[in-house]
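Participant: Spelled out from the first residue to the last, the chains are:
Number of protein chains: 6
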Amino acid sequence: MTVAIKYLIMLPTLIELQRLKRLERTGWTLRGLPNGTESVAAHSFGVSVTAMLLADEIKSRGLDVDIERVLKMALLHDWAETRVGDMPKTATSYFGADARKTAETAALADIVGGVGAAESQYKGLYQDYEQRQSLEARLVKAADIIDLLIQAFALERAGAKGLDEFWQVAHEADFQLPSIAHDVVGEVLQSLLEARSMIK
Amino acid sequence: MTVAIKYLIMLPTLIELQRLKRLERTGWTLRGLPNGTESVAAHSFGVSVTAMLLADEIKSRGLDVDIERVLKMALLHDWAETRVGDMPKTATSYFGADARKTAETAALADIVGGVGAAESQYKGLYQDYEQRQSLEARLVKAADIIDLLIQAFALERAGAKGLDEFWQVAHEADFQLPSIAHDVVGEVLQSLLEARSMIK
Amino acid sequence: MTVAIKYLIMLPTLIELQRLKRLERTGWTLRGLPNGTESVAAHSFGVSVTAMLLADEIKSRGLDVDIERVLKMALLHDWAETRVGDMPKTATSYFGADARKTAETAALADIVGGVGAAESQYKGLYQDYEQRQSLEARLVKAADIIDLLIQAFALERAGAKGLDEFWQVAHEADFQLPSIAHDVVGEVLQSLLEARSMIK
Amino acid sequence: MTVAIKYLIMLPTLIELQRLKRLERTGWTLRGLPNGTESVAAHSFGVSVTAMLLADEIKSRGLDVDIERVLKMALLHDWAETRVGDMPKTATSYFGADARKTAETAALADIVGGVGAAESQYKGLYQDYEQRQSLEARLVKAADIIDLLIQAFALERAGAKGLDEFWQVAHEADFQLPSIAHDVVGEVLQSLLEARSMIK
Amino acid sequence: MTVAIKYLIMLPTLIELQRLKRLERTGWTLRGLPNGTESVAAHSFGVSVTAMLLADEIKSRGLDVDIERVLKMALLHDWAETRVGDMPKTATSYFGADARKTAETAALADIVGGVGAAESQYKGLYQDYEQRQSLEARLVKAADIIDLLIQAFALERAGAKGLDEFWQVAHEADFQLPSIAHDVVGEVLQSLLEARSMIK
Amino acid sequence: MTVAIKYLIMLPTLIELQRLKRLERTGWTLRGLPNGTESVAAHSFGVSVTAMLLADEIKSRGLDVDIERVLKMALLHDWAETRVGDMPKTATSYFGADARKTAETAALADIVGGVGAAESQYKGLYQDYEQRQSLEARLVKAADIIDLLIQAFALERAGAKGLDEFWQVAHEADFQLPSIAHDVVGEVLQSLLEARSMIK
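Protein chains in written order, with this note's numbering: chain A, 3 to 202; chain B, 3 to 202; chain C, 3 to 202; chain D, 3 to 202; chain E, 3 to 202; chain F, 3 to 202.
Treat the hints as calculated values from the structure; they're not laboratory data.
Remember, identical chains collapse to one label, so a pair may be satisfied in a single copy or spanning two.
Calculated pairs, EDC-like style, for lysine to aspartate or glutamate (alpha carbon to alpha carbon, straight line, at most 20 Å):
| # | residue 1 | residue 2 |
| --- | --- | --- |
| 1 | 61 | 185 |
| 2 | 61 | 121 |
| 3 | 91 | 112 |
| 4 | 163 | 196 |
| 5 | 163 | 18 |
| 6 | 125 | 100 |
| 7 | 125 | 112 |
| 8 | 61 | 146 |
| 9 | 91 | 18 |
| 10 | 202 | 166 |
Treat the numbers as computed from the prediction; the structure is a model and nothing was measured.
With the rest of the complex left out, here is chain A (with noise of 0.2 Å):
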């Protein structure tokens, strides 16, 4: 029967992201913060509702930015670590960056295969995301970041120590924003910058 065709698409997918619900983020686990810090689902949460912030801040100000295509964005950056887990940073220097986005990629590109008539538009959200050219990718990726540091600092006022390395990029990130977004972005940086230097 075709509709039974059509829903043995779209389910097999969900049940798979179910995986990114308890998957821990490796940075914390690697250094020394308990289990059940933050899973990869919760970290994408995070990432789009940042996003999503920051993209109606954007816009208000004048710049159109097209925020459905931010938030879904958003949503599927990290679909592909139910396959291939989330590897740590310094995996990518053993792997090279190259080899990390090919497969990636490609886990990504099985996950949503079959997930029917939106499958080939994900496809090209994640190229997108990887590529960072568009506006809506690199807030994405400027999300990503901040989502990031507002984790690390929520754990540093716990109680948390060790977490210094994270904090470089804050100041070294550049996400080549076009002047709005890179006002906002900074400005969200900066505030964050000054609420640790008071907690320390």
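Chains B, C, D, E and F: place on chain A using the hints.
Facilitator: This is chains B, C, D, E and F only, laid out in the frame that chain A set:
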């Protein structure tokens, strides 16, 4: 400095939402499942992803859906829990559904208070979700239930028992959706029930 | 058979109370401490033990206390949470203190409904605790606060930060106790503040 | 100052007892259940509550019980574990039951040493519990077993397996109780076995 | 000072290996088992112990085995995961088995770089393990699989489901061992399958 | 069948040792660190790896060490804990060091009973470890302490406090090692103290 004022606005909301990353979904805990089963943030991610797949499929079948609205509503529908907690279903019968809605609406208003230009937009989206008048709100509610059931399915497949009561809703739920959306949601639920029957 | 009816009565309550053994105390979770920090049952144990030590000391100094009442009240003061959850303090401001009391009183009544001969006794003890009229109720409230602070102290000693707001209560609390009881509680709180000053 | 001396006495005991809040019950861990299943403090809460319900029911049927003694004994019966740990049952066969009792009695004496006026009272209650001569001591032992079995039941209902050996005791245990108490305990155990037969 | 240089060498490796103590084995997490199920360090312990028992039994039956080599290989076979993470099996198909081996070999080389005199020895042992040419390397691989299956057995005995795919390997694995070693490994696997059939 | 008898022998030991993978190291729990900090199996892995590095370095400096013995002793030195539990240090003062040794020796004998040809070898290794007469036994004891301290260091670096008492041993310990071994162990401890001074 006006710049400083601007970021004081967005950051507190983002920091407060970090709490959802480790707030446990009480429903699992009360049924004897271990802590770490699912955070509210992880569930919100699941709902958003499910809503995205449903909405894209529905749109591809010819029914117009405002996907940006859908995703925003899905992302923010549980924010009030940072202040009210993840109340178990039984709590509603003691407080009354109206009191619960009133409290959660007020909490959400405080959380987004000062988020910047988008503040009233977010309040409006939350109100829409609570009232379930729009197609988008009803779709997010359907996604909320589907993500709950897929999580239950994943837990049962891993050995959990005692979750039967959750599955009643799969038979009884009526999301009052137009026929194309009704079909898509129904197909996913139906296929989930079939998948479950194979692991029992 | 009447015997059968009798046990159907007590067992459901005991089974339901098992839930408190893994229901997390939300206050810690919302401040970034890992799940597993303290269950509601573990806190109730702490309150009961603290109440016992306070009451025995107070009695030895010449003030009559009904210790059986104290211990029963301490053991049952959080039972409503099996149905209402461990609501964070902020929740009270959204629901209102009265609504919260009404809901919790009704939940407790349902939990002990059918517990047998002691049903009305337990309802009375809970009501007494909520109204804080008796010496015993006020003593249990003091024990509730002291156990909270000793837990905070133990967490800070192990490295936790960001718990300052809890300590306000140590300075401000007035449990309206008669002078002997006031002294004992005050001495414990004072010495706890001194112990804390040594680890800061 | 004499006041200062007084509180130095009670506080160390209360601080030490905090340890029981996260000390895992080894019996579950050794059978493959996840950490976080049950702390010693949570179990002590369960035993105290069970003892309270049993004692009130027994009293209402006409047998005199000293409920204050029952509750105190239940609350303190596992305190020695802060220093000796939660030894698995098999440990007793290697150390010998007498050596274990001697060690735990000495540990308890040190814990309550300096607790104030009640010190000798608590030692006496512990000795009574260990010797199981009084009705109160036997009732607490019955509550200890019943709480263990209700926890096992709750775990099995949630999917746990491999806990059969615990249930032997439900058939074999003889708490040497007078007939009214024997009936109440027997009714609870019998109804628990029936409840279990319905989930197997 | 040369002494200072010496210890700067060994300590960083030992500190880095601490990470394996809480790095979760991804295989369980992705199948819905709770975090805390098994760390990489705990698995390495299991593999080492299993290899020791197998090797001693094989030696006692007359086949010469270099047990020191076996134990060292077992202890270090997963060290690369401190930098590369515990990649799920599916990751290999996206990166390619060769790329994975190359990356892990390079990571191990960096980890043991500067461990002192034994540096080249450890690299050689790892290479031997990866190539599976020696009896010792094949035996450690067999121990790796047996520990995986005994862990799966222990989880299933405690209620876990959905682990069937792991058991395929028990039927299919060919470790290309000489006949005495083949027999010992086969006997353990066979008896494990029998033990499993008794709990299904 | 004799084959059947053979495997019945090895498998029960391997299954029983799985328990160490999630048995928490009580020392951390009692100091307020979260469950999941370190399992006994993870510690045994750390001790074995540390012993390997120490032994290889010592051998390279010209002192003969039986490394196979070292590794076997390190791997099995905590097996008794599957039956006796991970008793806190304070427990020894209540049971007496001799009673503890006797109990653990008997437990180990039962665990390896029927492990096959190596049974008496393992008992001998354990006895050697307990008596600390051989170089190998003393080296494993040093590795036991070093792994404890590196774990403490890693926890402190991540924010833990209240672990000072562990570090006394770094100053006081005398493992009665011959001078080459004494130097290597001393260098590691000394450099660890320096590393710690940099994070305080």
